[in-house]
Amino acid sequence: GAGVSQSPRYKVAKRGQDVALRCDPISGHVSLFWYQQALGQGPEFLTYFQNEAQLDKSGLPSDRFFAERPEGSVSTLKIQRTQQEDSAVYLCASRWGLGSGNTIYFGEGSWLTVV
Amino acid sequence: GDSVTQMEGPVTLSEEAFLTINCTYTATGYPSLFWYVQYPGEGLQLLLKATKADDKGSNKGFEATYRKETTSFHLEKGSVQVSDSAVYFCALSASNTGNQFYFGTGTSLTVIP
Numbered sequence: 001g002a003g004v005s006q007s008p009r010y011k012v013a014k015r016g017q018d019v020a021l022r023c024d025p026i027s028g029h030v031s032l033f034w035y036q037q038a039l040g041q042g043p044e045f046l047t048y049f050q051n052e053a054q055l056d057k058s059g060l061p062s063d064r065f066f067a068e069r070p071e072g073s074v075s076t077l078k079i080q081r082t083q084q085e086d087s088a089v090y091l092c093a094s095r096w097g098l099g100s101g102n103t104i105y106f107g108e109g110s111w112l113t114v115v
Numbered sequence: 116g117d118s119v120t121q122m123e124g125p126v127t128l129s130e131e132a133f134l135t136i137n138c139t140y141t142a143t144g145y146p147s148l149f150w151y152v153q154y155p156g157e158g159l160q161l162l163l164k165a166t167k168a169d170d171k172g173s174n175k176g177f178e179a180t181y182r183k184e185t186t187s188f189h190l191e192k193g194s195v196q197v198s199d200s201a202v203y204f205c206a207l208s209a210s211n212t213g214n215q216f217y218f219g220t221g222t223s224l225t226v227i228p
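Heads up: the protein sequence lines correspond to chains A and B, in order. So in our numbering, the last spot in the first sequence is 115, and the numbers never skip. So in our numbering, the last spot in the second sequence is 228, and the numbers never skip.
Among the hints, erroneous ones may be present.
[Said to hold, decoys possible] Computed, partial: chain B to chain A, Cβ under 7 Å: (1) Leu159; (2) Phe204; (3) Asn214; (4) Gln215.
[As the list claims (entries may be wrong)] A short list of chain B residues far from chain A (calculated; beta carbon distances all over 10 Å): (5) Thr127; (6) Glu130; (7) Ala132; (8) Asn137; (9) Thr139; (10) Thr141; (11) Asp169; (12) Lys171; (13) Thr185; (14) Ser187; (15) Ser198.
Hints listed in this document are in silico derivations from the structure and should not be mistaken for laboratory results. Glycine included, every Cβ here is placed at the ideal spot set by N, Cα and C.
Only chain B is shown next, with the shape it has when bound in the complex:
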């Protein structure tokens, strides 16, 4: 079945460091891919998305490119800030029905000054 695997955390970085959080997926057809973020005490928020191969989603300095050949959607940011501390979830929406979102287990990021 469809699934998402993302790198385990927690991840601790210094401010202004480069961030990569790996995400790979397994799916039939052509899914849409998402990154959601959960700040402390808040609900899940969409960070970015890509709906077809080679699309790049971007928001708030974060980027991820939908790579069909490697079935990946890695999240990157060139210079993290303390305010980026949160849990990041990679997610997949199956193309056949769109009824289910499959989430990864989440990667906790802490950015220290």
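In isolation and in its complexed conformation, chain A is listed as follows:
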């Protein structure tokens, strides 16, 4: 597609449930990012992929968070045993190149509410 696509757009999970959030980046984009955005805050970095390699996962808040991009295209962010503090919008973004000056393009986000 023309843009970054994320699914589901909205997810309500019971505390303790596992969730999986999917990201389809722009075709041909090498770099893929996941961000977490709490209400009224700016996006916070979670993890970064270059093709299929996860080069930076320093932003993942706990070992309950796991991300993968096995074929260098679609990525999945998995959250195990969800907690209320995981409620946020999860943003996926992709970038064509590797340089810091290249634009990153965001999806519309997956809104996760943990009840």
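Could you slot chain B onto chain A? The hints should help.
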């Protein structure tokens, strides 16, 4: 570490007023600087960017100049419209890796007719 600080909102302006949203940064090396906009119900969109000192980014009547001496990238528009109502985020991309974008907390702008 690298970071971005932007002025807190919310900001409310009348149509055709002048807009300034301040953004300052802390970074090692020579980062690239961005302004992203988030319209109600939509995802983040790039508004403009500058990749080196003294560069001016511009788009849709908005401008921002990369000032290394003051470590700033303030967003300006001479005459705002109701359709500019949105949340604006200043962001920095570190020069060493390009792996991380650091975002400010966002400034909510409401333009009233």
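The hints, checked one at a time:
no., hint, result
1, Leu159, "4 Å, holds"
2, Phe204, "6 Å, holds"
3, Asn214, "5 Å, holds"
4, Gln215, "5 Å, holds"
5, Thr127, "17 Å, holds"
6, Glu130, "25 Å, holds"
7, Ala132, "24 Å, holds"
8, Asn137, "15 Å, holds"
9, Thr139, "14 Å, holds"
10, Thr141, "15 Å, holds"
11, Asp169, "15 Å, holds"
12, Lys171, "15 Å, holds"
13, Thr185, "20 Å, holds"
14, Ser187, "17 Å, holds"
15, Ser198, "19 Å, holds"
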